[in-house]
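Visitor: Dock chain B against the given chain A, drawing on the hints supplied.
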Amino acid sequence: MSKVIDAKGLACPEPVILTKKALEQKEDVTVIVDDEIAAGNIKRLGAKLGLAVSIEKKEGGISHIHISGAAEAEKQPVVEKDTDALPYESYNAASLVVAISSDRMGRGNDELGYVLIRSFVHTLLTLNPLPDTIIFYNTGVKLAGRDSEVIDDLKQLEEAGTSILVCGTCTNYFGISDALGAGCISNMYDIANTMAGAGRLITP
Amino acid sequence: MTKAETYDVILFASVSYALRAEKILKDVGISFKLIPVPRHISSDCGVCLRFSPAYRKQIEEALSGKVDISEIRSL
Numbered sequence: 001m002s003k004v005i006d007a008k009g010l011a012c013p014e015p016v017i018l019t020k021k022a023l024e025q026k027e028d029v030t031v032i033v034d035d036e037i038a039a040g041n042i043k044r045l046g047a048k049l050g051l052a053v054s055i056e057k058k059e060g061g062i063s064h065i066h067i068s069g070a071a072e073a074e075k076q077p078v079v080e081k082d083t084d085a086l087p088y089e090s091y092n093a094a095s096l097v098v099a100i101s102s103d104r105m106g107r108g109n110d111e112l113g114y115v116l117i118r119s120f121v122h123t124l125l126t127l128n129p130l131p132d133t134i135i136f137y138n139t140g141v142k143l144a145g146r147d148s149e150v151i152d153d154l155k156q157l158e159e160a161g162t163s164i165l166v167c168g169t170c171t172n173y174f175g176i177s178d179a180l181g182a183g184c185i186s187n188m189y190d191i192a193n194t195m196a197g198a199g200r201l202i203t204p
Numbered sequence: 001m002t003k004a005e006t007y008d009v010i011l012f013a014s015v016s017y018a019l020r021a022e023k024i025l026k027d028v029g030i031s032f033k034l035i036p037v038p039r040h041i042s043s044d045c046g047v048c049l050r051f052s053p054a055y056r057k058q059i060e061e062a063l064s065g066k067v068d069i070s071e072i073r074s075l
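Line by line, the protein sequences are chains A and B.
Note that my numbering has the first sequence beginning at 1, numbered continuously upward.
Note that my numbering has the second sequence beginning at 1, numbered continuously upward.
Calculated directly from the structure, the hints in this document are not laboratory data.
Errors might be hidden in some of the hints.
Stated by the list, open to error - Straight line, CA to CA, 20 Å or less: simulated SDA-like cross-link-like pairs of lysine to any residue: (1) K23/B <-> E36/A; (2) K26/B <-> E36/A; (3) K48/A <-> E24/A; (4) K23/B <-> E149/A; (5) K26/B <-> E24/A; (6) K26/B <-> K48/A; (7) K155/A <-> E36/A; (8) K33/B <-> D152/A; (9) K33/B <-> L112/A; (10) K66/B <-> Y17/B; (11) K26/B <-> Y114/A; (12) K26/B <-> I151/A; (13) K155/A <-> E5/B; (14) K155/A <-> R50/B; (15) K33/B <-> T123/A; (16) K23/B <-> S119/A; (17) K33/B <-> G108/A; (18) K155/A <-> K33/B; (19) K23/B <-> D147/A.
Because the structure is a prediction, the values reported are computed rather than measured.
Looking at chain A on its own, in the form it has when it is part of the complex (with noise of 0.2 Å):
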């Protein structure tokens, strides 16, 4: 049995919402975007699952992208939660994820602080395991943007499966929305629950 979510004209990052609570009901599904980023989004959140996806590329910008939940999922171990102790769904206590606040590390000197979160954001890529979700909030969202000097760690990062989330209402305030480099534009709502569900949660 496959499930299919037509996600075309949903922002990022609904469709992966979407995919992700279609595979926790463990069948097979099919999502229908009409966008890259959520397609490469998709995509990603179908390997780190260790589930086989293939991508089929129809006219006009248009991805489905199927994603095989139910043949794999008697593979996966049972994971009983103890749901006294985890208040949160996303809550995962092996998860790392990484909020940046600022363009800056750390406060004092704002030169050094930009040496700083340089070094910090590079350095990113040398953890292992990389973290889970890199979050960007305030002035942290203009690391992100297209001419920002940590896109390629940011770009290397998306590639290796780390998802990048970006404050939409901070990019909007400095009108950079449109010059995003990496990740995708993100809501309140899940900022606020990838921190809560986080096992540990790193800010510079």
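Guide: This is chain B only, laid out in the frame that chain A set:
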């Protein structure tokens, strides 16, 4: 994701030299990247500038007489 490219790095005795070099190279328009000094290299200052070896001569000329360089070496 691993890039097959090779890089050289410039090491400095202090962060302020690295910053001065960064400004000069930005003005000249040479592409480089500020990164933490790799673990296997020791340096007093924790950051260095990484660049493609193709720019080595240009970089040396741009910084010559303006910034003290401790060392340029390949990664």
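Visitor: Evaluate each hint against the coordinates.
Guide: Here's how the hints hold up against the structure:
no.: 1; hint: K23/B <-> E36/A; result: violated, 36 Å
no.: 2; hint: K26/B <-> E36/A; result: violated, 33 Å
no.: 3; hint: K48/A <-> E24/A; result: holds, 14 Å
no.: 4; hint: K23/B <-> E149/A; result: holds, 14 Å
no.: 5; hint: K26/B <-> E24/A; result: violated, 49 Å
no.: 6; hint: K26/B <-> K48/A; result: violated, 39 Å
no.: 7; hint: K155/A <-> E36/A; result: holds, 15 Å
no.: 8; hint: K33/B <-> D152/A; result: holds, 10 Å
no.: 9; hint: K33/B <-> L112/A; result: holds, 16 Å
no.: 10; hint: K66/B <-> Y17/B; result: holds, 9 Å
no.: 11; hint: K26/B <-> Y114/A; result: holds, 15 Å
no.: 12; hint: K26/B <-> I151/A; result: holds, 17 Å
no.: 13; hint: K155/A <-> E5/B; result: holds, 17 Å
no.: 14; hint: K155/A <-> R50/B; result: holds, 18 Å
no.: 15; hint: K33/B <-> T123/A; result: holds, 13 Å
no.: 16; hint: K23/B <-> S119/A; result: holds, 17 Å
no.: 17; hint: K33/B <-> G108/A; result: violated, 24 Å
no.: 18; hint: K155/A <-> K33/B; result: holds, 15 Å
no.: 19; hint: K23/B <-> D147/A; result: holds, 17 Å
Hint violations for this structure: numbers 1, 2, 5, 6, 17, all remaining hints satisfied.
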